[in-house]
Amino acid sequence: MESSSSEYCNKDNEEESLLANVASLRHELKITEWSLQSLGEELSSVSPSENSDYASNLLRPEKLILEDLSQPNQLGLMNHIPYKKVCKMPSGSTDFPKKPRDKMSFSSAPMDQEIRNLREKLNKLRQQNACLVSQNHSLMTKMESVHFELTQSRAKVSMLESVQQQAANVPILEEQIINLEAEVSAQDKVLREAEDKLEQSQKMVIEKEQSLQKSQEECIKLKVDLLEQSKQGKRAERQRNEALYNAEELSKAFQHYKEKVAEKLEKVQVEEEILEKNLISCEKENKRLQEKCGLYKSDLEILKEKLRQLKEENNNGKEKLRLMAVKNSEVMAQLTESRQSILKLESELEDKEEVLREKFSLMNENRELKVRVVAQNERLDLCQQEIESSRVELRSLEKVMSQLPLKREMFGFKSSLSKHQMSSFSNKEDNYIGCCEANKMVISELRIKLAIKEAEIQKLQANLAANQLSKSLIAFNDKQESGKLSSLETEPVKLGGSQLAERIKDQNQYTVNKQYERERQRLASGIEELRAKLMQIEAENSDLKVNMAHRTSQFQLIQEELLEKASNSSKLESEMTKKCSQLLTLEKQLEEKIVAYSSIAAKNAELEQELMEKSEKIRSLETNINTEHEKICLAFEKAKKIHLEQHKEMEKQIERLESQLEKKDQQFKEQEKTMSILQQDIICKQHHLESLDRLLTESKGEMEKENMKKDEALRTLQNQVSEETIKVRQLDSALEICKEELALHLNQLEGNKEKFEKQLKKKSEEVYCLQKELKIKNHSLQETAEQNVMLQHTLQQQQQMLQQETIRNEELEDIQTKLEKQVSKLEQELQKQRESSAEKLRKMEEKCEAASHEADLKRQKVVELTGTARQVKLEMDQYKEELSKMEKEIMYLKRDGENKAMHLSQLDMILEQTKTELDKKTNSVKELEKLQHNTESELTEALQKREALESELQNAHGELKSTLRQLQELKDVLQKAQLSLEEKYTTIKDLTAELRECKMENEDKKQELLEMDQALKERNWELKQRAAQVTHLDMTIREHRGEMEQKIIKLEGTLQKSELELKECNKQIESLNEKLQNSKEQLREKEFITLQNEQEISQLKKENERTQQKMKEMESRIRS
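For the sequence shown, my numbering assigns the number 1 to the initial residue and increments by one for each residue that follows.
These aren't lab readings, by the way, just hints derived from the structure by calculation. Keep in mind that a hint or two might mislead.
[Claimed, not checked] Straight-line C-alpha distance at most 27 Å; calculated BS3-like pairs for lysine-lysine: (1) K1017 - K231; (2) K761 - K640; (3) K1050 - K758; (4) K652 - K214; (5) K652 - K755; (6) K930 - K664; (7) K761 - K1057; (8) K306 - K930; (9) K772 - K1047; (10) K603 - K311; (11) K603 - K264.
Please construct the entire structure, taking both the sequences and the accompanying hints into account.
Shown next, in the form of structure tokens:
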């Protein structure tokens, strides 16, 4: 028996040591995992692809396992931290959808305060839930540790029983141990179920918070919709009032318009009489002027021929100047292209220099990063090797533990070995932590170096920009190479690399410098070519400037000659101005009359436009009223739908609350079941302890017989019993702590219930407020219905007014028919006058033709007498034609005369045009010079002859000029009169057409008004029906409110029942606590009895020793 008990103890000790070793190894493995994660963080700064892997590793949910809970306290703490993190995640996630509509400009301060209070309460509830989760987790760890200790104590008790009992009692004890293990597993399951229920309760709380947020948002939306509806109603009222006011204004304006039209018609009749008189006078003047026209026609033809010749010469000169301008533009375009190409080449050079610098910096950074990556890969390899070595050591330890002997001395040696291994693992952990810190320091140093390099690069860029502005292209290119080489030489190489890396750097720099020199040479050659092209273009420009100067001198001579001719023409113009003044007076009179007619027509058009605009406004107002009425109807229907949806959602929420209450009832029942099971377990344990007591009493008799053999075993057992008593006391303290935590949890549940009841009350108050708002809206809708009735009355009045206006329109139409008859008579008279005037014109043309034949005969005689003077006459006739028929050229000459002393400006403008065209028309200029020489010679001859024939020619010229001017004036007057008559006819036709359109529009408006009356009647009927529907809805809402209140009363009754049940449960828990205390007292009493028994046993042992000593003494005496 002693050997079996010692073997059993050794096995237990070995198992405990193995468990401790496994726990330490797991702890070390977790530390290595954390170190690897820190290394991953450092590597994430180098390779962005690793960031995603690290994030995925961090986001893996860390869950608790029963094996982890069965480990020592260090592992419990390690697992407790991530569990808290997991518990805190939903609180952070639930805060995201809490964003209310802060942008809603709503003026309800109390609602905002209520929302803030609710948010604070929700945050408090979440904090309490987090605390509860942490407490539950700690309770789980404590309970599992208690179970673990209970199993150890049971194993030790079984050892005692095995030692004390006989071999027949061993299977009974084993069965009892199996039963106890089954009970422990059942308790574990119950605890897991409690954790699941806690998670479910947290989910339910989150769902309730979300439903609260939704209901609050819906309330805010309802309030905003109600405000919008009220605003829309007010807008509709305003628009209706405005429409009535506009209708009254239209009626007044229409009356004024009628009065104005009558006055204007009277004025038109008076003006028509005056015009008839003026037409008769104009016809007389036309007869006189037509006689003069025949004389001037012959002169005009001669002047036309001269003008054509001069125009051809001018056109040739202009074409030459255009060709020269095109050449100049081409040269300038080439210059601009060359400059742009130079700028592009400069920009390309700068870009390439920047690219080269960036490449150098990137090469250096890549090399440094490669070195760091290699170092970090080496560190990772070392870590992996250490992990593999740790695993090998684990395997070796497991083998050694399996091969260990069963003696206590060996066990002590193994414990020392395990301690040594633990110290080695702790040293490795320290090494890993040191490596991580070193990696972090290296990363920080590298970042500092990168910032320094960036600052140096910026300084170099600033220096390059200054050099570009200060120096030319060639000097810039040369100095850029030197600056680049110096910058490359002076760059500090702060990272220590190997010799191979330096050689690679030198080779790369050499290749880049070669490429840069090639590009520089290519760009220099391109710049030289562009310079040569620039020199050629500048030479060509200088030649062109010399030619232009020569030609300007020639044109100055021509200008002087033309000025002399212009002086002669000025005399003729002075005579023309006198007759023009007479024509202007007549034109002014005609223009005044035309302006009067046009103003009358414009006023009529404006009044008609005003009528059209007002009719359009009426239509737009009608459409707006219709649209707003439709919007109100739609908003009302939406409000109905929203109310119905809210009622449905409230019913759903009530059903959810009922289901939640049922679930809580089930949870309470399950908790009661668990408590009953625990009570049964306690009773079973008490029975078991009683059975153990009996066994102890039975074993005492046997122990008295075998005291001598079991002294050593009793000593060991006494030590174990003392340890077990300490553990039992620890378990008692843990149970008391658990009870306190359960009481706190129950108090928190009661507080949550009270808060929930308060929230329900607030929601009921909100529903009551919404119902009040609905009543107010119904009242406003009734008011709007009354206003609609008033508007109908006003519309009827407007219809009466419109009928009166229709009668007035009919009167106006009668007047209009009379006017149309008068207009038709006037048209007939005008047609007759036109026919008579046409016959008179034909007669005058015949007379003019006869006069022209006579003038041709006279001119032939004059040509024979003065051959040389004809050219001068032709030039003078050309200027006359320009002044008479070519009005555009005359206006051009007048503008030039105002700018540069009458005729100098004309010549300047001609010179500016000819300067641009001279380069293209050099040949034509030479021909003109020859012609000028010929004309000068002819002019000298003509001047000699002119002195003799001036007296005869002056008389002929005076008569011709007078006749020409009179003819021109008569033609202009006739043309203007015809145009004015045509315009009048067109205006009369337009007015008749517009009057017809107005009649049609009035008829359309009448029909539209009738349709509007019908539509208003129908809408009034619809409004009455909707008012009835609103009353029906009010009744349904009240009924639904009563049902909701009844349901709330029922729920309150159920809550009271649940509270009573909770109180009963608390009472049962208190009774169970009292029973536990009693059982603890009984255990203490039994322990006291056992101590007394042990003391008695010790006394008996002492007595036995004394008796043995006495026996030995007696034997010694007997032997002696």
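Evaluation of the provided hints:
Using a Cα cut-off of 27 Å, the hinted pair K1017 and K231 holds, with the two alpha carbons roughly 24 Å apart. Proximity of K761 to K640 is assessed by CA-CA distance (about 24 Å); at most 27 Å being required, the pair is judged to hold. Restraint check: the Cα-Cα separation between K1050 and K758 comes to about 16 Å, which is no more than 27 Å; the hinted pair holds. Proximity of K652 to K214 is assessed by CA-CA distance (about 13 Å); at most 27 Å being required, the pair is judged to hold.
Taken as a hint, the K652 and K755 pair is honoured in the structure, with Cα atoms around 20 Å apart against an allowance of 27 Å. Distance check on the hinted pair: K930 and K664 sit about 125 Å apart at the alpha-carbon level, beyond 27 Å; violated. Simply put, K761 and K1057 have alpha-carbon atoms about 19 Å apart, close enough for the 27 Å limit, and the pair holds. For a cut-off of 27 Å, the pair hint linking K306 to K930 stands: about 18 Å separates their Cα positions.
At most 27 Å may separate the alpha-carbon atoms for a hinted pair to count; K772 and K1047 meet this at roughly 21 Å. With a CA separation close to 47 Å, the supplied pair K603 and K311 exceeds the 27 Å bound. For a cut-off of 27 Å, the pair hint linking K603 to K264 stands: about 10 Å separates their Cα positions.
Hint compliance for this structure: hints 6 and 10 are broken, all remaining hints hold.
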